[in-house]
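Residues per chain are reported as follows:
Protein chains: 2
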Amino acid sequence: MIDFTYYNPAKILFGRDSEQKLVQELAAYGNRVLLIYGGGSILQNGVYDKVTGLLQQSGIEFTELGGVKPNPRLSLVREGIRLCREKDIQAVLAVGGGSVIDTAKAVAAGVPYDGDVWDFFAKKAAPSSALPIAAVLTIAAAGSESSDSMVITNEELGLKRSFHSDWIIPKASALNPENTFSLSGYQTACGASDILAHLMERFFTQVRHTDLTDRLIEADFRTILNNAPWAIANGDDYNARAEVMWAGCIAHNNLLNTGRVGDWASHAMEHELSAETDLAHGAGLSIVFPAWMKYVYPENKDRFIQFAVRMFDVSVSAAEDIDGVILEGVSRLERFYQSIGLPTRLSEVGIGEDKIAALAKRCASDKPDKTVGHFKKLGEEDVYNIYRLAL
Amino acid sequence: MIDFTYYNPAKILFGRDSEQKLVQELAAYGNRVLLIYGGGSILQNGVYDKVTGLLQQSGIEFTELGGVKPNPRLSLVREGIRLCREKDIQAVLAVGGGSVIDTAKAVAAGVPYDGDVWDFFAKKAAPSSALPIAAVLTIAAAGSESSDSMVITNEELGLKRSFHSDWIIPKASALNPENTFSLSGYQTACGASDILAHLMERFFTQVRHTDLTDRLIEADFRTILNNAPWAIANGDDYNARAEVMWAGCIAHNNLLNTGRVGDWASHAMEHELSAETDLAHGAGLSIVFPAWMKYVYPENKDRFIQFAVRMFDVSVSAAEDIDGVILEGVSRLERFYQSIGLPTRLSEVGIGEDKIAALAKRCASDKPDKTVGHFKKLGEEDVYNIYRLAL
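Respectively, the protein sequence lines represent chains A and B. Numbers in the numbering used here are just positions in the first sequence, counted from 1, shifted up by 787. Numbers in the numbering used here are just positions in the second sequence, counted from 1, shifted up by 787.
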């Protein structure tokens, strides 16, 4: 186990009336709020009306910034910062999923900063304050509701970047499973895949003696394996939605990477896929992860045996071939993805052999030391080989 | 799953140099500190010298309050409050285990309060502020290093009482596994038993649909089963100490009871034992818990089957007798306690049949509705029967 600091002061308000509690929390930070949301879904499923009604009842004035899209953009962040300064906004309220909350975080950090908010992403500066952030979560996936990070795309530079700061951990987030009932099966599956990926990025470490966090990751992983299919089959199964929602939050709040170093190569490789096509992040991850596993497992077979046995109950006996045990684990992961309607091959999403060299080049060349990942450091050729395995 | 609020802003500084980071955190709260500790152990194992050296280097003035004993007392809390007011203390630093940190919490809440600090324990008032609290943990057991509660004994009234408040969650705690190397095998075993009890009090719930938190509890429980024997066999096994220390913190920081209602009858029954004798809390729990299980399991056999199967790998087949599966789980728990040198019978600690009626009367009569526990509400006769099973 390696040394660590764990700090997560986000207040999680979980359950059917959590939006009401959230608005009470928000009122403590001020009565002029920027309300950030995405496209039409919250207008259709009643969440917009519920939240704005609660704001009005509490005498909180709100300025709206709608239209956040997946892979949220810097231009909208800048617009939010401008609005906050113009209206003397005191807190930011995000109503949506990861893209909306990520946008809110960047706005909140940018408002009190004299320079350009991109400086934080370019690592030229670090936030020393931020507006308080609150969130009403509408999809279990990204974990942004209690994480200390976000991802924003700079359209002008063609760069997707993130930064970490305790300042951008939301003060409070409302997790009401009912707010996810209207998600489609495919959206729910993509969210589940994102959560599994957050868990696997943490699980695959070369750090030894990580018994507790291994087991906690396994607990969260198996909760998703158990509950996501029920949530997909029956969108308004409250308990299945609740398990997935709470598991998704814990998967990414930093508890599960205490004392260990995660990998994160698969996230980097997926970012190139969703930049190239309109692929959902979760659907890109279900393609990349099995291929990554097949390529890197010789680096630490023990860890992959543990994955196969503990996540998927693959049986190990002295007579069996170890590589067979490992590959059966990978195969069961692929079959799980397929069972919830996700792709596991690039060919399923229209990416052929002709494109992967350019994707691999972009993925690796962009990084400081031209590699991605920690479990095994992957250069451009490795990334190319992994994409090839995923064809 | 039931609705919940989860909030735990304690900053956990984990590892070999965590005391140094803690003193840096502490300096942000002021330079006049009350240093609270217990008996001689921190003077002997170098922790006192290390911490006071760091305080001096940082220019932090400290006033000392030593002599905290197990089952910490209100009189010492009042002495601490008096000292803080006299010296205009800005923060409280606890160096020790649960009793020391509990004392620090009560002092911190009492200082800014105009009335008597016992009002909080008597539920006549609730804290609306507290001095900042920091802790250097020296035993993995009580979980006070990040919990929102404490237990204090009022010697005058002969009452042991607690209260919960977000104000008394430590701002930061240093968890350095090396600070637990000098604990004896028996102390380590008692700590492990306390942690297992915190997990079982949460595990045994009548709330349905608690898949994630069940699994997280099981993860923490099995981490203790795995690592406590190593820490006991070899006191300076850093990794075993580290696993037990982090597991003990998470066991009691409220994460593992989100969405469920815990039981807590065994803690109430144990409190009578350690009030009657000098028994360590963990050694009382290893006596009470198996007896409680044997008495209450018919209330929800499914949950006890899950306990037997998931915690102790008892095999279930259609041919087997369900009660046999359950009792094998209880038996494996007893054998685990015995394997780490803990008692599982009242007769081992000098409590005979002649005493249990009085203990049962005190345990139940003391409570608002004359019962203890939530899994099954236990009146005086039930408690008597459980003590009988433990003879």
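If you're looking for bench data, these hints aren't it; they were derived computationally from the structure. Keep in mind that a hint or two might mislead.
The list treats identical chains as one, so a pair stands whether inside a single copy or across any two.
[Unchecked claim] 25 Å max Cα-Cα, derived DSS-like pairs, lysine-lysine:
hint: 1; residue 1: K1081; residue 2: K1163
hint: 2; residue 1: K874; residue 2: K1148
hint: 3; residue 1: K837; residue 2: K856
hint: 4; residue 1: K874; residue 2: K910
hint: 5; residue 1: K1088; residue 2: K874
hint: 6; residue 1: K1163; residue 2: K911
hint: 7; residue 1: K1081; residue 2: K1164
hint: 8; residue 1: K958; residue 2: K1163
hint: 9; residue 1: K798; residue 2: K1142
hint: 10; residue 1: K808; residue 2: K1163
hint: 11; residue 1: K856; residue 2: K874
hint: 12; residue 1: K910; residue 2: K947
hint: 13; residue 1: K1148; residue 2: K808
hint: 14; residue 1: K837; residue 2: K1148
hint: 15; residue 1: K947; residue 2: K808
hint: 16; residue 1: K947; residue 2: K1154
hint: 17; residue 1: K856; residue 2: K1163
hint: 18; residue 1: K1142; residue 2: K1088
hint: 19; residue 1: K1154; residue 2: K837
hint: 20; residue 1: K1142; residue 2: K910
hint: 21; residue 1: K1148; residue 2: K958
hint: 22; residue 1: K1157; residue 2: K808
hint: 23; residue 1: K1142; residue 2: K837
Consistency of the hints with the structure:
1. In the homo-oligomer, the alpha carbons of K1081 and K1163 lie at most 25 Å apart inside one protomer (12 Å), although the nearest pairing across protomers, at 50 Å, exceeds that limit.
2. Proximity of K874 to K1148 under the C-alpha cut-off of 25 Å is found in neither arrangement, the shortest distances being 44 Å within a copy and 64 Å between copies.
3. Proximity of K837 and K856 under a CA criterion of 25 Å is satisfied intra-copy only: 22 Å inside one chain copy versus 53 Å between copies.
4. In this homomeric assembly, K874 and K910 never come within 25 Å of each other (Cα to Cα): the closest approach is 28 Å inside a single copy and 44 Å across copies.
5. Taking the closest pair of Cα atoms, K1088 and K874 never come within 25 Å of each other, the shortest separation being 57 Å inside a single copy and 59 Å across copies.
6. In this assembly of identical chains, K1163 and K911 lie within 25 Å of each other by CA distance neither inside one copy nor across copies; the values are 28 Å within and 59 Å between.
7. Only within a single protomer do K1081 and K1164 lie at most 25 Å apart by alpha-carbon distance; the minimum there is 15 Å, versus 53 Å between protomers.
8. Within a single copy, K958 and K1163 get their C-alpha atoms no closer than 36 Å, and across copies no closer than 37 Å, so neither meets the 25 Å cut-off.
9. Neither within a single protomer nor between protomers do K798 and K1142 lie at most 25 Å apart by alpha-carbon distance, with minima of 44 Å and 46 Å respectively.
10. In this assembly of identical chains, the alpha carbons of K808 and K1163 never lie at most 25 Å apart, being 44 Å within a copy and 31 Å across copies at closest.
11. For a Cα distance limit of 25 Å, the shortest separation of K856 from K874 inside one copy, 24 Å, qualifies, whereas the shortest one across copies, 56 Å, does not.
12. Taking identical chains as interchangeable, the C-alpha atoms of K910 and K947 lie at most 25 Å apart only when both belong to the same chain, with a minimum of 13 Å there against 53 Å between chains.
13. In the homo-oligomer, the alpha carbons of K1148 and K808 never lie at most 25 Å apart, since the shortest distance is 48 Å inside one protomer and 41 Å across protomers.
14. Taking identical chains as interchangeable, the C-alpha atoms of K837 and K1148 are never at most 25 Å apart, the minima being 47 Å within one chain and 51 Å between chains.
15. In this assembly of identical chains, the alpha carbons of K947 and K808 never lie at most 25 Å apart, being 34 Å within a copy and 33 Å across copies at closest.
16. For the homomeric pair K947 and K1154, the shortest alpha-carbon distance inside one copy (12 Å) is at most 25 Å, but the shortest distance between copies (59 Å) is not.
17. Taking identical chains as interchangeable, the C-alpha atoms of K856 and K1163 are never at most 25 Å apart, the minima being 33 Å within one chain and 50 Å between chains.
18. Taking the shortest Cα distances, K1142 and K1088 never come within 25 Å of each other, neither inside one copy (31 Å) nor across copies (57 Å).
19. Taking the closest pair of Cα atoms, K1154 and K837 never come within 25 Å of each other, the shortest separation being 43 Å inside a single copy and 41 Å across copies.
20. With identical chains, the CA atoms of K1142 and K910 are never at most 25 Å apart, being 31 Å at best within one copy and 68 Å at best between copies.
21. Taking the closest pair of Cα atoms, K1148 and K958 never come within 25 Å of each other, the shortest separation being 39 Å inside a single copy and 46 Å across copies.
22. Neither within a single protomer nor between protomers do K1157 and K808 lie at most 25 Å apart by alpha-carbon distance, with minima of 46 Å and 33 Å respectively.
23. For a Cα distance limit of 25 Å, the shortest separation of K1142 from K837 qualifies neither inside one copy, at 45 Å, nor across copies, at 59 Å.
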